[in-house]
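Sequences listed follow chains A and B, in order.
In terms of the working numbering, the first sequence opens at residue 725 and continues consecutively.
In terms of the working numbering, the second sequence opens at residue 189 and continues consecutively.
Possibly wrong hints are sitting among the right ones.
[Unchecked claim] Just the calculated beta-carbon pair ranges, DEER-fashion: (1) A:I732 to B:L506: 56 to 62 Å; (2) A:L838 to B:K526: 46 to 52 Å; (3) A:W854 to B:L506: 52 to 58 Å.
[Unchecked claim] The list that follows gives simulated cross-link-like pairs (lysine-lysine, DSS-like), each with its CA atoms no further than 30 Å apart: (4) B:K430 to A:K778; (5) B:K430 to A:K816; (6) B:K526 to A:K816.
These aren't lab readings, by the way, just hints derived from the structure by calculation.
Glycine included, C-beta positions come from ideal geometry on N, C-alpha and C.
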Amino acid sequence: MAQEQKQIYGILAEFESAAALLHAAARIRDAGYKEFDCHSPFPIHGMDEAMGLKRSPLGWIVGLMAFGGLFLAYLLQGWTSTIDYPLIIAGKPFFSYQAYVPVGFGIAVLFGALSAFFGMLVLNKLPQPWHPVFYSNNFEKMSTDGFFISIEKKDEKFTVDHTTTFLASIGGQNIELLQGDRVE
Amino acid sequence: MNIQLTKNSLATKVSLIIGVLGLALSLLGFFANHEQFFYSWLVAFAFWMSIALGGLFFVLIHHLSGAVWSVVLRRFPESFMAILPFMAIFFFPIALGLYDLYHWAHADAIAHDALLQEKAPYLNIVFFILRTVFFFIVWSVFGRLFYRFSIKNDVTGDAGYITKAKKISPPAVILFAFTVTFAAFDWLMSLDPHWYSTIFGVYYFAGSTMATYAITTLFVLYFAKGPLANMVSVEHYHDLGKLIFTFTIFWAYMTFSQYFLIWYANIPEETVWFAHRWHGSWKVVTLVLAVGHFVLPFFIMLVRAVKRNPLALTIFALWMLLMHFIDIFWLVMPNLHKEGAVFSWMDATTMIGIGGLFLWLVFLHLSKHSLVPINDPQLQNSIHHTG
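If we strip away everything but chain A, and leave its shape as in the complex, we get:
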């Protein structure tokens, strides 16, 4: 009775090797699937391209944040030394932009580094303590020597029958339905 209430989240297939995984990812991309993921114990070169992933926007985020940091650092130093508390230091002008470079550089690097770290987490949807693939017991192998692909139900092309046959046709083994009673 509980069986009927279980929800389907997707399909998991195991592949023999990193090369097979790369090849399969390209086939799935070509078949038009979007909502799928590859799971491997180590990063595989060329996987981004094989999965058809776009370039990450992280570089632009980091760049904008770094320049924002630079601007803020100049604002802070300029404002304090020209408006808020002007002091004559070594006979230099109040707004001595040269003197602000080290702090400006430092703040730019700080903002860039922090936005790289947190931006990476947000873009990767991390931290993510739960994922449908955890319904599979076989998936435990992923952290040692297993190569998996999961296709999620929310993909437009997803149907249980077609996707299963398709994964089998491109070399997927131990294909299983990811289902459980977690309510999203």
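Fit chain B to the supplied structure of chain A, relying on the hints for placement.
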């Protein structure tokens, strides 16, 4: 697999002819205005020396870090450094022009100058020449040695030569750092013998390395259309673009570090160097350098697509070489033309003269052996390098 440049190729002949013509015109300049000739020669010499030395640095760092990506294009910087002993020939006009170039070489000036008297144990003609001879011996030994290792590895297929190069590169890079620093002090900084900056050697090195990556990029892009078509990919010149970008920033870092401390301390004996370069039309050159050597390249090269586009990268590399020339011009020429920047026709002919012969020697070396180190154990990994 045999990728070789044809002997007596058009490029070899053209560079020889252009070089000889440039030198002949420069010689006329010597009779017209020998002071201008010596200064122009020093700029051209410092420019092309920086490429040869940068080539040595490229190869040293390549072996030191065990780099894989740059194996396929290593022969270009190797050819730059292989001609270091020949570059010593171009030093002779400077040795002849010491009196015109260097204020400290004037005995009467030293007699009335307490500071120059203090510096005389270091800044005197005999020691100056001896130092330069020593620099050239060090560079020639390493340049030829690492070139020999690479060629021996090509011919015999023995990977042990690469291992040897890896073993010698750490002490070599230390000697390289000291010799380049003091060469920059001697040849360029001592033009203004009262002034000193301890960072000056790194400043020259930063621009030099940037220029070497730029000219290596041009060689790679040029040969990528022909013999290296299946060997170098967008990943290789993307990486070269990143390195030009890196050393542009490094140059700016050094430039600013030098300027910043002098600006902060505001001591007349130090600020005078910048005062000369902020005087009259030199101010324009200084600003061109700040914007053209750092600000513009920084924002343009930040974009990934520019580094992956051969045409954009070619234009950028040429631009950076022009900036490197202006950089050295800016270091040297305010000592001659104090009232404002003057570009003499001799600045062009000496650059073309030494440059033509430089390229001729490089092409000669490239045509003698394979264009890629065919027996390097990492060659295949380098060709299939994916960034």
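Each hint, compared with the structure:
Checking the proposed 56 to 62 Å range against A:I732 and B:L506 shows it holds: the Cβ atoms sit about 60 Å from each other. For the pair A:L838 and B:K526, the beta carbons lie near 49 Å from each other, so the given range of 46 to 52 Å is met. Between A:W854 and B:L506 the CB atoms are about 55 Å apart, so this pair conforms to the stated range of 52 to 58 Å. This hinted pair checks out: B:K430 and A:K778 have alpha carbons roughly 21 Å apart, not beyond 30 Å.
At most 30 Å may separate the alpha-carbon atoms for a hinted pair to count; B:K430 and A:K816 exceed this at roughly 37 Å. Between the alpha carbons of B:K526 and A:K816 the distance comes to roughly 26 Å, so the proposed pair stays at or under 30 Å and holds.
Hint violations for this structure: number 5 only, all remaining hints satisfied.
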